[in-house]
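> Given chain A's structure and the hints, the job is docking chains B, C and D onto it.
In the order they appear, the protein sequences are chains A, B, C and D. Under my numbering, the letters of the first sequence match residues 5 to 263, in that order. Under my numbering, the letters of the second sequence match residues 5 to 263, in that order. Under my numbering, the letters of the third sequence match residues 3 to 308, in that order. Under my numbering, the letters of the fourth sequence match residues 3 to 308, in that order.
Source of the hints: derived by calculation from the structure; they are not laboratory data. It should be emphasised that the depicted structure is a prediction, and the values quoted were computed from it without experimental measurement. Everything hinted at is true.
No farther apart than 30 Å at their CA atoms in a straight line, the calculated lysine-lysine pairs in the BS3-like style are these: (1) C/Lys92 to C/Lys43; (2) D/Lys69 to B/Lys128; (3) C/Lys4 to B/Lys146; (4) D/Lys118 to C/Lys140; (5) B/Lys145 to D/Lys140; (6) C/Lys4 to C/Lys280; (7) A/Lys128 to C/Lys92; (8) D/Lys92 to B/Lys161; (9) B/Lys145 to C/Lys118; (10) C/Lys140 to A/Lys145; (11) D/Lys4 to D/Lys43; (12) B/Lys230 to B/Lys161; (13) B/Lys145 to C/Lys4; (14) A/Lys145 to D/Lys118.
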Amino acid sequence: MVMNDYTSSELMIAASARALQGERVVFVGVGMPNIACNLARRTVAPDLELVYESGVFGARPARLPLSIGDPTLVSGATSVCSMADLFMNYLQGGRIEAAFLGAAQIDRFGNLNSTVIGEYAHPKVRLPGSGGACEIAIHAKKVFLITPLSKRTFVEKLDFVTSPGHLDGRPDGRSRLGIPGGGPQLVVTNKANFVFDQESKEMVLSSLHPGVTFEEVQAEVSWPLKSVSALEETVPPTTEELRLMREELDPDGIYTGRK
Amino acid sequence: MVMNDYTSSELMIAASARALQGERVVFVGVGMPNIACNLARRTVAPDLELVYESGVFGARPARLPLSIGDPTLVSGATSVCSMADLFMNYLQGGRIEAAFLGAAQIDRFGNLNSTVIGEYAHPKVRLPGSGGACEIAIHAKKVFLITPLSKRTFVEKLDFVTSPGHLDGRPDGRSRLGIPGGGPQLVVTNKANFVFDQESKEMVLSSLHPGVTFEEVQAEVSWPLKSVSALEETVPPTTEELRLMREELDPDGIYTGRK
Amino acid sequence: MKLTSMKDAVSRYVPDGAVVAIEGFTAFICFSAAHEIIRQKKRDLTLCRMTPDLIYDQMVAAGCAQKLVFSYMGNPGVGSLHCIRRAVEKGIPQPLEIEEYSHFGMVGRYLAGAAKLPFYPLRSYYGADLAQANPRIKFIQDPYGSGQIAVVPALNPDVAVIHAQRADEQGNTQLWGLVGMQKEAAFSARHVIVVAEEIVGEEVIRSDPNRTLIPHMVVDAVVHQPKGAHPSYAQGYYDRDNQFYLAWDAVSREEQQVEAWLEEWVYGLEDWAAYLAKLEAQEPGIWERLAAGEAYSQPVNYGVYR
Amino acid sequence: MKLTSMKDAVSRYVPDGAVVAIEGFTAFICFSAAHEIIRQKKRDLTLCRMTPDLIYDQMVAAGCAQKLVFSYMGNPGVGSLHCIRRAVEKGIPQPLEIEEYSHFGMVGRYLAGAAKLPFYPLRSYYGADLAQANPRIKFIQDPYGSGQIAVVPALNPDVAVIHAQRADEQGNTQLWGLVGMQKEAAFSARHVIVVAEEIVGEEVIRSDPNRTLIPHMVVDAVVHQPKGAHPSYAQGYYDRDNQFYLAWDAVSREEQQVEAWLEEWVYGLEDWAAYLAKLEAQEPGIWERLAAGEAYSQPVNYGVYR
Numbered sequence: 005m006v007m008n009d010y011t012s013s014e015l016m017i018a019a020s021a022r023a024l025q026g027e028r029v030v031f032v033g034v035g036m037p038n039i040a041c042n043l044a045r046r047t048v049a050p051d052l053e054l055v056y057e058s059g060v061f062g063a064r065p066a067r068l069p070l071s072i073g074d075p076t077l078v079s080g081a082t083s084v085c086s087m088a089d090l091f092m093n094y095l096q097g098g099r100i101e102a103a104f105l106g107a108a109q110i111d112r113f114g115n116l117n118s119t120v121i122g123e124y125a126h127p128k129v130r131l132p133g134s135g136g137a138c139e140i141a142i143h144a145k146k147v148f149l150i151t152p153l154s155k156r157t158f159v160e161k162l163d164f165v166t167s168p169g170h171l172d173g174r175p176d177g178r179s180r181l182g183i184p185g186g187g188p189q190l191v192v193t194n195k196a197n198f199v200f201d202q203e204s205k206e207m208v209l210s211s212l213h214p215g216v217t218f219e220e221v222q223a224e225v226s227w228p229l230k231s232v233s234a235l236e237e238t239v240p241p242t243t244e245e246l247r248l249m250r251e252e253l254d255p256d257g258i259y260t261g262r263k
Numbered sequence: 005m006v007m008n009d010y011t012s013s014e015l016m017i018a019a020s021a022r023a024l025q026g027e028r029v030v031f032v033g034v035g036m037p038n039i040a041c042n043l044a045r046r047t048v049a050p051d052l053e054l055v056y057e058s059g060v061f062g063a064r065p066a067r068l069p070l071s072i073g074d075p076t077l078v079s080g081a082t083s084v085c086s087m088a089d090l091f092m093n094y095l096q097g098g099r100i101e102a103a104f105l106g107a108a109q110i111d112r113f114g115n116l117n118s119t120v121i122g123e124y125a126h127p128k129v130r131l132p133g134s135g136g137a138c139e140i141a142i143h144a145k146k147v148f149l150i151t152p153l154s155k156r157t158f159v160e161k162l163d164f165v166t167s168p169g170h171l172d173g174r175p176d177g178r179s180r181l182g183i184p185g186g187g188p189q190l191v192v193t194n195k196a197n198f199v200f201d202q203e204s205k206e207m208v209l210s211s212l213h214p215g216v217t218f219e220e221v222q223a224e225v226s227w228p229l230k231s232v233s234a235l236e237e238t239v240p241p242t243t244e245e246l247r248l249m250r251e252e253l254d255p256d257g258i259y260t261g262r263k
Numbered sequence: 003m004k005l006t007s008m009k010d011a012v013s014r015y016v017p018d019g020a021v022v023a024i025e026g027f028t029a030f031i032c033f034s035a036a037h038e039i040i041r042q043k044k045r046d047l048t049l050c051r052m053t054p055d056l057i058y059d060q061m062v063a064a065g066c067a068q069k070l071v072f073s074y075m076g077n078p079g080v081g082s083l084h085c086i087r088r089a090v091e092k093g094i095p096q097p098l099e100i101e102e103y104s105h106f107g108m109v110g111r112y113l114a115g116a117a118k119l120p121f122y123p124l125r126s127y128y129g130a131d132l133a134q135a136n137p138r139i140k141f142i143q144d145p146y147g148s149g150q151i152a153v154v155p156a157l158n159p160d161v162a163v164i165h166a167q168r169a170d171e172q173g174n175t176q177l178w179g180l181v182g183m184q185k186e187a188a189f190s191a192r193h194v195i196v197v198a199e200e201i202v203g204e205e206v207i208r209s210d211p212n213r214t215l216i217p218h219m220v221v222d223a224v225v226h227q228p229k230g231a232h233p234s235y236a237q238g239y240y241d242r243d244n245q246f247y248l249a250w251d252a253v254s255r256e257e258q259q260v261e262a263w264l265e266e267w268v269y270g271l272e273d274w275a276a277y278l279a280k281l282e283a284q285e286p287g288i289w290e291r292l293a294a295g296e297a298y299s300q301p302v303n304y305g306v307y308r
Numbered sequence: 003m004k005l006t007s008m009k010d011a012v013s014r015y016v017p018d019g020a021v022v023a024i025e026g027f028t029a030f031i032c033f034s035a036a037h038e039i040i041r042q043k044k045r046d047l048t049l050c051r052m053t054p055d056l057i058y059d060q061m062v063a064a065g066c067a068q069k070l071v072f073s074y075m076g077n078p079g080v081g082s083l084h085c086i087r088r089a090v091e092k093g094i095p096q097p098l099e100i101e102e103y104s105h106f107g108m109v110g111r112y113l114a115g116a117a118k119l120p121f122y123p124l125r126s127y128y129g130a131d132l133a134q135a136n137p138r139i140k141f142i143q144d145p146y147g148s149g150q151i152a153v154v155p156a157l158n159p160d161v162a163v164i165h166a167q168r169a170d171e172q173g174n175t176q177l178w179g180l181v182g183m184q185k186e187a188a189f190s191a192r193h194v195i196v197v198a199e200e201i202v203g204e205e206v207i208r209s210d211p212n213r214t215l216i217p218h219m220v221v222d223a224v225v226h227q228p229k230g231a232h233p234s235y236a237q238g239y240y241d242r243d244n245q246f247y248l249a250w251d252a253v254s255r256e257e258q259q260v261e262a263w264l265e266e267w268v269y270g271l272e273d274w275a276a277y278l279a280k281l282e283a284q285e286p287g288i289w290e291r292l293a294a295g296e297a298y299s300q301p302v303n304y305g306v307y308r
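The following block holds chain A by itself, in its conformation from the complex (with noise of 0.2 Å):
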């Protein structure tokens, strides 16, 4: 197989898994997310300790969970408690370090909305609603979002609120309301990745995944979007990246998009 050839979903993997470089404990879920998390435990974050919100902590999956209820993820972790532990704990207690979030509807200063599409009382998409992400967003001192990049995700105004990011963009605004946590700090999508501005509290973009263009992330970001001063090309996933993925991570490809 040619190694240089790679879907996006392995690119936006192995993105985010580079991002938790040095992490110790990441709350993650299921899907990319967690084969990131993995990557990264067999890259750039030896220590990474993954915790699932089902009340898992250290968790040595033998298979690929089918979801944060997975028996696999009980069988050989170092810790399982009760969801009260892991709230109050884990999460509230300030011990998680990184954290995935996705949602339905993103906007510019990464709050996210994954509860309903129109209003809420007359919803015209009725999705799951928070779970723990509302508090993921608040407690975990850093939260990274994966989504495929478009203008129906990333869009002017939410529909609601159900967790909250940078808020209105000032930059006091989290610590104002007592948000421990430090918000998104980095966008994994199949087109680019993004940070957030230091001061404005802004979504700009940060690297263009190779053979995209402004115009086309543009075409699919409803804001007039901003680029960081260095905007690079995001580097590619490494042989080996691929090699952990394809052989050891998601051999059937379920997550990679190989499939």
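Just chains B, C and D now, with coordinates in the frame of chain A:
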């Protein structure tokens, strides 16, 4: 051994055990209450489960426990939980039907002091303090008191209210403060037993132990003592109760005063 | 004697209009109880669960529910709960009132309910819209000066159904794996039905008292129902049937298909034994596919203190 | 590498003036840590424990403490803590400030500290004097209308010392028996010293993840100290030495006797190994007297899910 010769401790234990008639969940300490509860399980309350504030439900001690932290209370118990579960879910959760308390001072409404003799800031005698007593007095459906009768204990005014009894005697006093438990129901001493009047909530003499006169009891109580209309003689321990105490529950006579 | 049949336990402790919590966070989800509730045509229930999951999707489709109290309305790892969405979005088969929290909010509600606290404080909902959407979420001032903190009200269901690996006949219940909020749900409820994979002797329970999360004192009925959580799972007993979760996504998209499914798999069957027999007839190898394998805990010594 | 000596752990994580919680409710009381703190002449400590027990009676007598935070000041099953009483009643060897709660109050303080809640609500202190004696106990209004409810402030010690049966080298810690508030004390503290009867391989811990109350993430130092809780006990490892508790009642009545005892049993000894050797020399049969016997938990299956 002559069965109608018994110690006052044996009488107190038997009287306490009978008060547990039909109860199912009792919160218990060590010493006489512990023996009384085990006697009740073998006589008037076969379904009685013993709860210890150390976190034990359904203890099956293989020996006489010497403290509420005795490991013999853990081995073979039905359930052992954290102190948080014990105080939150068992006690505050309203699952405790009866509980035993003692104190250094008791007033006529069954309020208890186990904190200080003298001023709190400059105590003459510093006593252990509440432990769980304050919460037990508030949440247990019924509270039983076991203590030797003495003027130093049965006082007009407490130096400190550690655990609320019937407060100032207003029938609705406890409920007005949001106290769910029923408060003190019975006081067992070495000379007489007392109950609390339905209206006045005052501690009144209910039975004199064999051979004890009203005057002897009044002499050890600081307030003018009232009696129930039908004042009785305390029924002494039965042959079977004595046999159980002496052969099974406290063969060394540590708490039954036969040492 | 608390050991009884699911039919009896449900008819006795799940009246129409009851507030019901069949908990189990992504595990121990007691479908055998849900099917019996559907079969007995219980109505106007308020269904409480952090994750409604397929179990409440089926109960809502069957018309058992008038209200849903929840924190994540999805088919975990698959997608939407189409029946609940139809009820919420289109009022099919009937309108469904919702009362929504976050996971932490539901955790707090069970903690408060179990401990008979009027409310539970949590540092959440700042800068989010949920507290506006649900006025039962409030904010109070920290008396120690740290500012505002959110509170949620206690949840005290009329009945909680707790699925577990093992219990004794009195109802002393042991669970391991994803214990979720099973303990708190049991203590918070007025009545508790324990559904166990195995009924064990008291001596098994007493050999490991720290494993006993639910004491008999809070349990009203004990139902022995092996594989009673399928397509969910019981750690160490069988695996989650992910094929079923995927299949349901297709079935549940069409109202008529769901009715046919309920007819075939619930109404048309006498009890859970019939359900299991039908499953096995359809897929003889199902329990091999869902086999748990063996990985035993290393024993610990409690000691004998004489 | 967190595995270290008690000497090193204490000198690194117990500075003068620190707020210290050596917890363990009537069990797992880590006297080996206390003796090392006394030996290193730590001063001005704030000592937190629900039950100060003999461990803090000794530390107060040795002049380590300037303040005591507690809920029951007694020698369990025996009587008074005479050294602490001397300090509180007569200022001997030095005045001791006290901050007093009930057990439930201390439980709430640890729960809040572990969960980084500013306070914990509890239905207690109604009609009692403790809230007047300790102004840190406050009352707030239930926003759902049930009236007043008490609150206590979070407790976050600088260091917690947790005695347990077994831990691995990373600090993953398993306890059984009277777990008290060990888990919450560990999560509430800025630094955690785990003192284990046994250091086991990671595979032992991972064979029973529900038994792991304290994950390595919150642990700074791991000390392997068999019999490190004497005269307290570790369930299944050895029994409580009640003779010592009775003997201390006599010793502790006289200041001079206590000084002599500390000289002989703490200052005069190099470490806990020396203490154990001296104990065994004094009573060769001590560990037979305190033997735990054997009663093993029945194993549970977690399963292998490939």
